[in-house]
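**Student:** Spelled out, the chains give:
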Amino acid sequence: MNFLDGTEAGADGILTLAKRALELRAGATPTQHPGKRVAAVFLNPSLRTRTSMEAACGALGAQPLVITPGKDAWALELEDVVMDGDKAEHVREAAGVLSQFADVLAVRAFAGLVDAEEDRRDPMISAFAAHASVPVVNMESALWHPLQGLADTATWVNHLGDDLRGKKIVLTWAPHPRALPAAVPNQVLLSAALQGMDVTVAHPEGFELDPQIVARATSLAAAGGGGVSVRHDQDFGEAEVVVAKSWSGFSGYGRREAEAAHRAELGHWTVTPDKLPASAGFMHCLPVRRGVVVAPEVLDGPQSWVLEEAGNRLWTAMSLLEAMLAE
Amino acid sequence: MNFLDGTEAGADGILTLAKRALELRAGATPTQHPGKRVAAVFLNPSLRTRTSMEAACGALGAQPLVITPGKDAWALELEDVVMDGDKAEHVREAAGVLSQFADVLAVRAFAGLVDAEEDRRDPMISAFAAHASVPVVNMESALWHPLQGLADTATWVNHLGDDLRGKKIVLTWAPHPRALPAAVPNQVLLSAALQGMDVTVAHPEGFELDPQIVARATSLAAAGGGGVSVRHDQDFGEAEVVVAKSWSGFSGYGRREAEAAHRAELGHWTVTPDKLPASAGFMHCLPVRRGVVVAPEVLDGPQSWVLEEAGNRLWTAMSLLEAMLAE
Amino acid sequence: MNFLDGTEAGADGILTLAKRALELRAGATPTQHPGKRVAAVFLNPSLRTRTSMEAACGALGAQPLVITPGKDAWALELEDVVMDGDKAEHVREAAGVLSQFADVLAVRAFAGLVDAEEDRRDPMISAFAAHASVPVVNMESALWHPLQGLADTATWVNHLGDDLRGKKIVLTWAPHPRALPAAVPNQVLLSAALQGMDVTVAHPEGFELDPQIVARATSLAAAGGGGVSVRHDQDFGEAEVVVAKSWSGFSGYGRREAEAAHRAELGHWTVTPDKLPASAGFMHCLPVRRGVVVAPEVLDGPQSWVLEEAGNRLWTAMSLLEAMLAE
Numbered sequence: 000m001n002f003l004d005g006t007e008a009g010a011d012g013i014l015t016l017a018k019r020a021l022e023l024r025a026g027a028t029p030t031q032h033p034g035k036r037v038a039a040v041f042l043n044p045s046l047r048t049r050t051s052m053e054a055a056c057g058a059l060g061a062q063p064l065v066i067t068p069g070k071d072a073w074a075l076e077l078e079d080v081v082m083d084g085d086k087a088e089h090v091r092e093a094a095g096v097l098s099q100f101a102d103v104l105a106v107r108a109f110a111g112l113v114d115a116e117e118d119r120r121d122p123m124i125s126a127f128a129a130h131a132s133v134p135v136v137n138m139e140s141a142l143w144h145p146l147q148g149l150a151d152t153a154t155w156v157n158h159l160g161d162d163l164r165g166k167k168i169v170l171t172w173a174p175h176p177r178a179l180p181a182a183v184p185n186q187v188l189l190s191a192a193l194q195g196m197d198v199t200v201a202h203p204e205g206f207e208l209d210p211q212i213v214a215r216a217t218s219l220a221a222a223g224g225g226g227v228s229v230r231h232d233q234d235f236g237e238a239e240v241v242v243a244k245s246w247s248g249f250s251g252y253g254r255r256e257a258e259a260a261h262r263a264e265l266g267h268w269t270v271t272p273d274k275l276p277a278s279a280g281f282m283h284c285l286p287v288r289r290g291v292v293v294a295p296e297v298l299d300g301p302q303s304w305v306l307e308e309a310g311n312r313l314w315t316a317m318s319l320l321e322a323m324l325a326e
Numbered sequence: 000m001n002f003l004d005g006t007e008a009g010a011d012g013i014l015t016l017a018k019r020a021l022e023l024r025a026g027a028t029p030t031q032h033p034g035k036r037v038a039a040v041f042l043n044p045s046l047r048t049r050t051s052m053e054a055a056c057g058a059l060g061a062q063p064l065v066i067t068p069g070k071d072a073w074a075l076e077l078e079d080v081v082m083d084g085d086k087a088e089h090v091r092e093a094a095g096v097l098s099q100f101a102d103v104l105a106v107r108a109f110a111g112l113v114d115a116e117e118d119r120r121d122p123m124i125s126a127f128a129a130h131a132s133v134p135v136v137n138m139e140s141a142l143w144h145p146l147q148g149l150a151d152t153a154t155w156v157n158h159l160g161d162d163l164r165g166k167k168i169v170l171t172w173a174p175h176p177r178a179l180p181a182a183v184p185n186q187v188l189l190s191a192a193l194q195g196m197d198v199t200v201a202h203p204e205g206f207e208l209d210p211q212i213v214a215r216a217t218s219l220a221a222a223g224g225g226g227v228s229v230r231h232d233q234d235f236g237e238a239e240v241v242v243a244k245s246w247s248g249f250s251g252y253g254r255r256e257a258e259a260a261h262r263a264e265l266g267h268w269t270v271t272p273d274k275l276p277a278s279a280g281f282m283h284c285l286p287v288r289r290g291v292v293v294a295p296e297v298l299d300g301p302q303s304w305v306l307e308e309a310g311n312r313l314w315t316a317m318s319l320l321e322a323m324l325a326e
Numbered sequence: 000m001n002f003l004d005g006t007e008a009g010a011d012g013i014l015t016l017a018k019r020a021l022e023l024r025a026g027a028t029p030t031q032h033p034g035k036r037v038a039a040v041f042l043n044p045s046l047r048t049r050t051s052m053e054a055a056c057g058a059l060g061a062q063p064l065v066i067t068p069g070k071d072a073w074a075l076e077l078e079d080v081v082m083d084g085d086k087a088e089h090v091r092e093a094a095g096v097l098s099q100f101a102d103v104l105a106v107r108a109f110a111g112l113v114d115a116e117e118d119r120r121d122p123m124i125s126a127f128a129a130h131a132s133v134p135v136v137n138m139e140s141a142l143w144h145p146l147q148g149l150a151d152t153a154t155w156v157n158h159l160g161d162d163l164r165g166k167k168i169v170l171t172w173a174p175h176p177r178a179l180p181a182a183v184p185n186q187v188l189l190s191a192a193l194q195g196m197d198v199t200v201a202h203p204e205g206f207e208l209d210p211q212i213v214a215r216a217t218s219l220a221a222a223g224g225g226g227v228s229v230r231h232d233q234d235f236g237e238a239e240v241v242v243a244k245s246w247s248g249f250s251g252y253g254r255r256e257a258e259a260a261h262r263a264e265l266g267h268w269t270v271t272p273d274k275l276p277a278s279a280g281f282m283h284c285l286p287v288r289r290g291v292v293v294a295p296e297v298l299d300g301p302q303s304w305v306l307e308e309a310g311n312r313l314w315t316a317m318s319l320l321e322a323m324l325a326e
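Chains as they are written, first to last, in numbering that gives the first Met the number 0: chain B, 0 to 326; chain F, 0 to 326; chain X, 0 to 326.
Everything labelled a hint here was simulated from the structure, so no lab data went into it.
Every residue, glycine too, gets a C-beta built ideally from N, C-alpha and C.
Please note: incorrect hints may appear among the correct ones.
[Unchecked claim] Listed next, the in silico BS3-like pairs over lysine-lysine satisfying Cα-Cα at most 30 Å (straight line): (1) Lys35/B / Lys18/F; (2) Lys35/B / Lys18/B; (3) Lys18/F / Lys35/F; (4) Lys35/B / Lys35/F; (5) Lys35/F / Lys18/X; (6) Lys18/B / Lys166/B; (7) Lys35/X / Lys35/B; (8) Lys18/X / Lys35/X; (9) Lys18/B / Lys35/X; (10) Lys18/X / Lys166/X; (11) Lys166/F / Lys18/F; (12) Lys35/F / Lys35/X.
[Said to hold, decoys possible] Just so you have them, the derived chain F footprint on chain X, three or more residues with Cβ under 8 Å: (13) 46–54; (14) 279–290; (15) 302–309.
Based on the sequences and whatever the hints tell you, model everything.
**Tutor:** What follows is the structure, given as C-alpha cells:
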C-alpha cells in the first residue's frame, strides 16, 4: 500500500492508525522490525518530518536512510527526455535502486508554485510511486501531506473522541510574508472530510483552494455524514477545532507578486484571541510565523494544540511505519 | 587491510567477497558486529555509495558515521604547508581523530580533472591511507572505485559463473554533456583484468585511458589468462558483457572546453540496441544520462543488468565490511 | 540537569564523568539506553563534536537525531518579534517539538563576533534552554564549549592524576588567519579553574578574554585552591600543560579588520619547540592550523596530547550522555 494522500487507508484505517499512535504515545511497545530499512528522500527542508521519520524508524528497530538529492546526492530528472542538461540521475533509476536498498521509500517534494497544471500532476511523488517496487510514503508533495493529516486526525481523536462525524472544524487562511503551497490546507480538508467532519474553509476572496480538490472533499465528506462549506470571513461559529494556514490562491497561481500586494491588505486575517471560540482547539502544522499567522496569545495559550499536534507526528509516523513494515 | 583499488584482496579474495554478497542477497544472515563503527567521509555527492554503505553497516549491527567536509565539517588540507589559507583542518588530524572514533574509515573524493599528475597521485585517499590507523576503504577516488568493481564482479559471477577467466567484456566510452573522471572505467578495466577476463576497451581516438593503468591491467590480465585490447569503434563482437561509461581522455586532461567541442561530434557513440550482441548483458554504474550514454530501449530492456548491478552495491558493501570488521 | 558550561555538574561531578570516560576508554561496557533519543542541532559545522555525539549515542543503544537548521531544516528566530522576515521557525516551537521527539537536546551555535553584549547573552543556547522541556547540552556556544572542557579534564586526569588542584596549566593565545570566537579559551579557563588548577592565561596586549569571565574563573579557582594570572609573553615557566588557541580580543570585539592587521605582527606567538617546557603536554582542541598556531614539530612530537584529547571527546560524550539518559 502506498500512502500518497492518506485515503488509501480508508476512513477506518486512518482511525485505527491514529488510535494506535495514541497507544504508542501512552507507552505501548512498538512491534520491532529489525533488518528493515526506510529510504527518505528530501527535495525540500524539514524539521518535524525528517526527525519524526528517523525517530519512528529507530523505535521500530528499523534503519532510516536519509537522502537529499542535489545536495548530498544527484539532482533528479523526471521527464522522458534526452538527459543532456543539469540533471544527472533519472527518477527511474533512483526509485529502482532505492527499492532494492529499502523496504519503504518516502519522498518530500514541494510544489513549484509556477504552473498549476504541473503541480496538479504532483510530478515528483507520482514519479517515485510509478517507478518504485516498494510502498511509497508522501512526506509532503505539491498537493498533499498525509503524515500531517494522520497526526492531525490523532489530535482530533484525542480531544473529540474517535467518532469524528459531524464535528465542526474550520480551516482558515492566514497572512504570511511569502506565497505558500496548498499541500497542508488540501490535506486538512481531505483528512477532515474523510472522517465525515463538518468542514468550513474560510479565506479571503481570491484565495480559494483548487476547486477539483474542494469538490473531491465535498463528496467524501457527504459520504461520511459531514459536509464542506466555504466562507470569506473569519466567523468561526461553534467550531471545535480551528486550523490556521497560509496558502496561495489557486486562481492566482504563480502570480506571486500580484498576490503579495493583495496579501498586504489582509493583515486582519491573523488569528487573534477574540476570534477563537471558547471551546475550540487551535492547530497549525508548524513552522508558524508568530504575530503574522497567529497572535502569540493564541499560540502559547491554553487552547493551543500546536505542540501536541507536532508531537503526534512522531507517534503517527511510528504507527504508520509499524503497519507498512509488517506488510 | 586497506581497500583502495580492490587488488589488495587478490583475485580469489574478490571472488570470495562477490560470492558471499550473492549469498547475503539470497538471504544469508550477515555476521553481527555490534559496537563497531564505520566513518564515511564524502567530499563529493553520492546516492548509491552512501546509502549502500549506511545500509550495510546497519545490517551488520555496526554504526555508520557520515561526514561531509566543507559542508557539515571543516575543509581539509592535504599538503605540508603553513595553513594560513581557507582550509581549517589537516588530513593528519582528521584521519587521526576518525581512526579513534571508528573501526573502518571510508573516503570519497573525485578527481580534480585539472592536473593529470596530481590526480595520478590520488591525493585525498592516499593522504587518508597514510594517516589513518584503521583500515581505509575507497568510496571512489580520482583513480579508482573498488566498491563498484566488487559489485560489478558479483554481477559477472551471477551471470557468467565464478570462473571469469577469458570471459569477453567490452568497456565502451559513451557521450556525456560533461567531461567526467576515469575512476569508474579504470576500475572496470582493473577488476576485469584481475579476474583474467578478455577485456576490450572501445573509445574514440583522443579518449584513451591513462596508459600506465592500461599497461598495469594488461599484465594483470595476462597473469590471469586473459588480455586487454583497445579499439576505436563500437564493434562489440561476441561480448558477454558491455559496460558503458563516459570519461575524459587522458591526453586531453584538463582541456575540458576543447574536449567538449570534440565530444559534440561523437553522439553516434551512444549505446543503441543494434550495437548490443544478442547474448550480452548491459551495465552502467549509474547515474546515467538516458538518451545520451545509452538508448532507453537498452537501459530498460531485458538485457540490462543495470538495476541488479546497483542493487549489488548493497550486498557487496555488506560482504566487504563483514570481512573488514572481523579483522 | 542542563550542561551549558559544565559547572552545573560541580568539580566533583566533572571528575566523576572524566574518570568514567577513562574507564569506558579502557573497555568498560556503557549502560544501554534503548529507546532513548538525542536531538543534536548544528547551526555551525563540526567534525569531532557531531561524530563523537553520534558515536556515543550508538554505543549507548540510543538514537542520534541530527538537525542542521537553515540547511536541511528551517532557519530559526530567537526574538519576540512579528515574524515577517526570513526566519521561518521560532526557537519556542523548535525546542518544544524536539523536546517531544528526544530525551536530550544538544545545540551548537557559534558567536556572531559582531556585538559583544549579544554574544555575552549566548542567545541561541539560552533560548533552547529556556524553551526545552528536556535537558540541554551545549555543543559549543558563543561563550562555552563544555564537552571540550570535559574531554580536556579527562586528558588532564589521565596524565596528572585525579587531584588537579594546583597543577600548572598555561592557556596561550596563538596566531590564526581569521578572528575566532573565545568559547574554547573561555572553557579551558573555566574547566581548569573549576578543578582548582593554577592557570596562566598568556596573550598579547589587546587580546584579553572577557574580564567578567576572567573574574568568574579567578574566584572559582581560588575556591578550589588554585588561581588565575595573566601575562603578555610566552614564558611558560614550569607548566605541566600548555593549551594553545587563537581568539579575538574582547576589547576589539567585532573590529575584525583592525585586529587582522594587529595579528599580522604576532607571528612570533606560534608555539614552537623551544617554548615548550620539557615536562609539559601540548593540547589544542582541533581543527588546528599547522605552522600558524603551532609548529608541526610540537604537534606531531612526543609531548603532543592533541590526538588523545580529541579521542577523549568520544569517551566523555559517552560518559556524559550515559549519566544524562539515566536521569
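**Student:** State for each hint whether it applies.
**Tutor:** Hint by hint, here is what the structure shows:
1. Lys35/B / Lys18/F: holds (23 Å)
2. Lys35/B / Lys18/B: holds (24 Å)
3. Lys18/F / Lys35/F: holds (24 Å)
4. Lys35/B / Lys35/F: holds (20 Å)
5. Lys35/F / Lys18/X: Within the cut-off at roughly 23 Å; holds.
6. Lys18/B / Lys166/B: holds (17 Å)
7. Lys35/X / Lys35/B: The given pair, whose Cα atoms are some 20 Å apart, holds under the 30 Å limit.
8. Lys18/X / Lys35/X: holds (24 Å)
9. Lys18/B / Lys35/X: holds (23 Å)
10. Lys18/X / Lys166/X: Satisfied, since the Cα-Cα distance of roughly 17 Å is no more than 30 Å.
11. Lys166/F / Lys18/F: Satisfied, since the Cα-Cα distance of roughly 17 Å is no more than 30 Å.
12. Lys35/F / Lys35/X: Given that 30 Å is the threshold and the Cα spacing comes to 20 Å, the pair holds.
13. 46–54: holds (count 7)
14. 279–290: It holds: at least three residues are needed, and the segment 279–290 of chain X offers 6 whose Cβ sits within less than 8 Å of chain F.
15. 302–309: Coverage by chain F holds here, the residue count being 3 at a Cβ distance below 8 Å.
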